[in-house]
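Now for the letters of each chain:
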Amino acid sequence: MEHLALLTFVRGPALDWSLGLCAAGIILRLFETLGLGRKADLAKPRDDGPGSGWQTIFTRSIPPAGMFRRDPLTYVAGYVFHFGLLATIVLFVPHIEVIRGVFGVSWPGLPGPLVDVLTVASLVALILLLVHRFYSPVKRLLSGIDDYLSWVLTFLPLLTGYLAFHHLLLEYTLMLAVHIISVELLLVILPFTKLFHSVSLWFSRWYNGDINARKGVAS
Amino acid sequence: MSPAGIPSGQATLERGLNAFREVIDAPVASFFSSCVHCGLCAQACLFYTETGDAKYTPIRKLEPLRRVWQQEYTLLGRVQKLLGLAKPVTDAELEEWSPLVYDSCSMCGRCSMVCPVGNDITLMIRRMREGMAASGHAPEGLIEATSRAVESGSPAGVKWATVQAQIKRMTTQFGIEIPVNRQGVDYLVLMSSWEILNYPEYLGAVGKIMKQAGATWTLCDHAYEATNSGIQIGASDLARVLVGRIVAAAEELKVKCVISPECGHAYSAIRWEGPNLMGRKFGFEVKHILEVLDDFRSSGRLKLKGTLDKPLTYHDPCQISRRGGVYEQPRTLLHDFAPQFKEMSDAGVMNWCCGGGGGVSANERAEPLRFIAFKRKKAQLEELGVKTMVTACANCRVVMEEALEHYHMDIELLGLTELVAEHLEHDNEVAS
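So the sequence lines, in the order shown, correspond to chains A and B. Throughout the first sequence, residue numbering follows our numbering, covering 4 to 222 in sequence. Throughout the second sequence, residue numbering follows our numbering, covering -3 to 428 in sequence.
Pulled out of the complex, with its shape left as it was, chain B reads as follows (with noise of 0.2 Å):
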């Protein structure tokens, strides 16, 4: 199918074969090298454990761009082709590929973790999505996302009038300010679609814990959108448009740092790809909120009393936790103020995806297979018998939250940012 509103020409199965060569290099190389098809990642996998069907295994969803790779980069497979005794990599294939790259992968980074002659897959994944888009490949859901995303700035069409309204209900429920387009602030802050729709107590949130910790914030007019639809469809040049507004406006305001919302691949596309996808090493500091928290924390400035006083556990979001570094903040936060807190099994870096990640979530053509997949947090949530978990990406939020309402499970999700608002010392001076 033909991505319509994406800006970067016709797809073809040319232009997916050229960006499979453009994102072939030593390491992908080296990784193709290295396989023994052990099958090991596949055991990693939810949408393999989940469904016991082999085609999930994740190496092998990288099947054309090894094959690419083989018979363009290798002497052996020079020859073989030469002799036409190589395969070529057709439309057809890529489009009975597209479900294996898209609705099966959420980019969660467990293959990564297992592999051992040490594959980074996910990796993989992510720059053969970069093939898939360019020749057509991706997903309804996430092309029309996409070109949400790059046409109002936002993958929900979310516009700033609605942020405007959010900011009003925040600044009355909260008894907050609530600053746009501040110079010279300390943080710019960030927000998902899900949470300008869903969840807008994060914002307030925020706003009363940049007040008691002292530091000074600002939202932005024209970049208040974290998400990046590019880096999820696998357009690096419509990813780096993405990116570009917050830098831009990050600059443009000379703020200190960029506050990525509670958003797992929000934070990977900022702070990974960002500096990558821009070309340069940026000016300002990205982090995740519970980072900024764990900072504040850390420095006196944000004192919690321990309040919340019932059985309950964190689920990591994947790119914030093992493709993102933020692991040990949540738990020192949560030890502050929830005497409760128990650990699901595989907790931290080896956490199980709540399976719409990666752009999973905004592909309708995935939701059956997502609810399948979410059968591992399931079993991991009984397992441990706890009735809340709390979270810190609002995707794994709504995924989750969905998902808990298919099978009937009475679990309350909650967001970190706004239990640690609602578990400041001074709550009560605070508050209005």
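Next up, chain A with everything else stripped away, as it sits in the complex (with noise of 0.2 Å):
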């Protein structure tokens, strides 16, 4: 029965209040980023070129040519971790229904078993990203807490999410507790962490693709 209690309390007030505090902490981060402001650009633009900030939203998504070989664990590892993510947080059947109990809309969701192997390919992808930064030089170089302490919180959501949904360690209502706990760690820190990059990485994108079709490059 505790565990039950804890579980109400945790879907209930808890998502509530760490919601709540996700959408502050992103404006406040929005209002830092953006309202620093930028120039106009006075030099004449070329017209005629490719490109556009909306343009390079897309593609930035895609690895310039000769970039893959160069490091295909990144590569991979980083879409499979991406979208396995999005497809269990979005189409896992469950959360359609969290999301339809908060805000009223749903969608169709993905088979169970689907979910489960996207799920577990996520969690080797992140696995393998973190053995890959504690190997190379470069990733290392770039490292500090925020780089591990988001792995961690990253981590922990797809792992509970994986052991409550096969009645693994603890017992169910208890994991699932554990499960939105670890969502809800996720959704606070997001917007002070690196994690911020999953909203202003559109921004930034934009900026580039905008900076350089001013100048006639598609970037």
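Fair warning: there could be bad hints in the mix.
[To be verified] With a Cα cut of at most 25 Å, we get these calculated DSS-like pairs of lysine-lysine:
1) B:K155 / B:K250
2) B:K51 / B:K83
3) B:K252 / B:K207
4) B:K301 / B:K383
5) B:K299 / B:K207
6) B:K299 / B:K338
7) A:K47 / B:K250
8) B:K51 / A:K197
9) B:K283 / A:K42
10) A:K47 / B:K283
11) B:K299 / B:K283
12) B:K164 / A:K47
13) B:K252 / B:K277
14) A:K197 / B:K77
15) B:K51 / B:K371
16) B:K299 / B:K252
17) B:K277 / A:K47
18) A:K197 / B:K83
19) B:K299 / A:K42
20) B:K374 / B:K51
21) B:K164 / B:K207
22) B:K383 / B:K306
Hint data in this document are derived by calculation from the structure and do not stem from the laboratory.
Both chains are sitting in their own frames, so use the hints and assemble them into the complex.
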């Protein structure tokens, strides 16, 4: 019964609070970032060039020629992790139910076993990326607390979700509560770690595409 | 060290940090917020690929600037600073970073093309140099070049008398007239120090082409130098002085268009940074010489004949191609008279730098590293197997000539404008 009370709390007030903190954090960070403004570019732009900010938002998801073979692990594991994570969040039927409960909208999900495979693939990709972070001199030099904290807080929801789904390790109700707590931690920390790239990268790509398109280059 | 001769006051850490604060805007904050430390930028940087040294990872070259942003422009950073948990940026650190920001970055822009989150790392290096110069951590070679440019008009100290001597030579050699200070003409032609000193044939070639195209043009005795060390060192106040001379001359002579010579960063300086440095739009156009040649060609004013029948390739100067948008024009021109023109791997906007752009070639301290970085170009050339390389940047040309010599490579380097002039259809009628 204690487990149920915990679950009721974590998916009630705790979820509301963490969603609220996440939203407030994102708004604050956007204000900090975009509030700095940008001077108008007075150089006459090329009007016949390819590319635009909007185009780069999409094209930057694809490695430029020659880049893939220079670091295939980062690209492959990066794709697997991101697609896997996205699919498990928004295409897993129980998650869709939660979203319907909160926002009133829903869509068809993927079959459970497929989500299961994607979850395991994402976990494996994350482990590979962590190992690569330890062993690659470039990544190791760039890495700090943020990178490892972000890794742990991204790994936990996937892992606990997998364990809950398979009724492993802990009693199901408790594991589900732990899973939701891990998601809440992720939400609260997202705006203040590199996980904020999930929001800011769209702006960064747009700026990059816009800056270069003005010069006649599709970036 | 003190940037003697730079008339912008005493360099101090505080001035440097203020310059950092001034260059941080929404794009920079967004870029720093987005970095996930994936390290892919290193794979695009020839200073990393040719050395394998992780310290050359492009985004890491910005670490001091990133910390100023994090500590002063984010709530979390400000709290950390308040609690004494933030590591302040010091003079010693900036000195340590100087070789990373100046010697191992030619501002070629490849990293900005590959960053998966879209960070324009090159733009941030350009901005970071403002703080490096203001805090006195720019390399001596660049400080000297900038001082000479401000004092004498040219980073190499080239005086108008030298230009006059070349005008005389070219007038005789090419049988053309070279107008000076002529009002109301179509084009104001600029040169780079390298062209004046090493490749004066550029001037003769331009004269010959203008004659065939029936265009009017002029040189200006007080604005002949197109290069801008202020851009390379990161001193916008000085860059403004240098660009201002060209703008004043263009307006005084009432020209329709200013032609940037075969020099990469000169084009960036006047075409893209110029109006922003001056704080106003220009009433005249700015074009790279290749754009003008292509305009002439497409309007039928320039007719070329195909005679350069040997395997050759084209080296895209970064600031003209990737950072300037001029990459189709040289190919259109070459296809007209060079039937054996072949592309290098990664040609066009993803081409590899010569290793000496962005002030690296003016920085003696960087020379050994520049030769190592050239191994990338060397590999591209060996893979293609051609013995002739054409380019459109005098700085690339000098840097590559030195490096080819260093590696005992037998490759001929040619300037595209000169080649075009040698392949005009009515060559015999024009040449004396």
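Status of each hint after checking the structure:
1. B:K155 / B:K250: Roughly 24 Å separates the two Cα atoms, so the pair holds.
2. B:K51 / B:K83: Status holds; Cα separation ~19 Å.
3. B:K252 / B:K207: Satisfied, since the Cα-Cα distance of roughly 17 Å is no more than 25 Å.
4. B:K301 / B:K383: Judged against 25 Å, a Cα distance of about 21 Å means the pair holds.
5. B:K299 / B:K207: 12 Å, holds
6. B:K299 / B:K338: Holds: B:K299 and B:K338 sit about 22 Å apart, inside 25 Å.
7. A:K47 / B:K250: 19 Å, holds
8. B:K51 / A:K197: It holds: about 21 Å lies between the C-alpha atoms, which stays within 25 Å.
9. B:K283 / A:K42: With a Cα-Cα distance of about 23 Å, the restraint between B:K283 and A:K42 holds, given a limit of 25 Å.
10. A:K47 / B:K283: 11 Å, holds
11. B:K299 / B:K283: Status holds; Cα separation ~20 Å.
12. B:K164 / A:K47: Distance ~36 Å between B:K164 and A:K47 Cα, so the pair is violated.
13. B:K252 / B:K277: 14 Å, holds
14. A:K197 / B:K77: 19 Å, holds
15. B:K51 / B:K371: 18 Å, holds
16. B:K299 / B:K252: Roughly 23 Å between the alpha carbons, so the hint for B:K299 and B:K252 holds.
17. B:K277 / A:K47: 7 Å, holds
18. A:K197 / B:K83: 19 Å, holds
19. B:K299 / A:K42: This hinted pair is violated, its Cα atoms lying about 43 Å apart.
20. B:K374 / B:K51: 23 Å, holds
21. B:K164 / B:K207: 17 Å, holds
22. B:K383 / B:K306: 9 Å, holds
Hint check: violations occur at hints 12 and 19; the rest are consistent with the structure.
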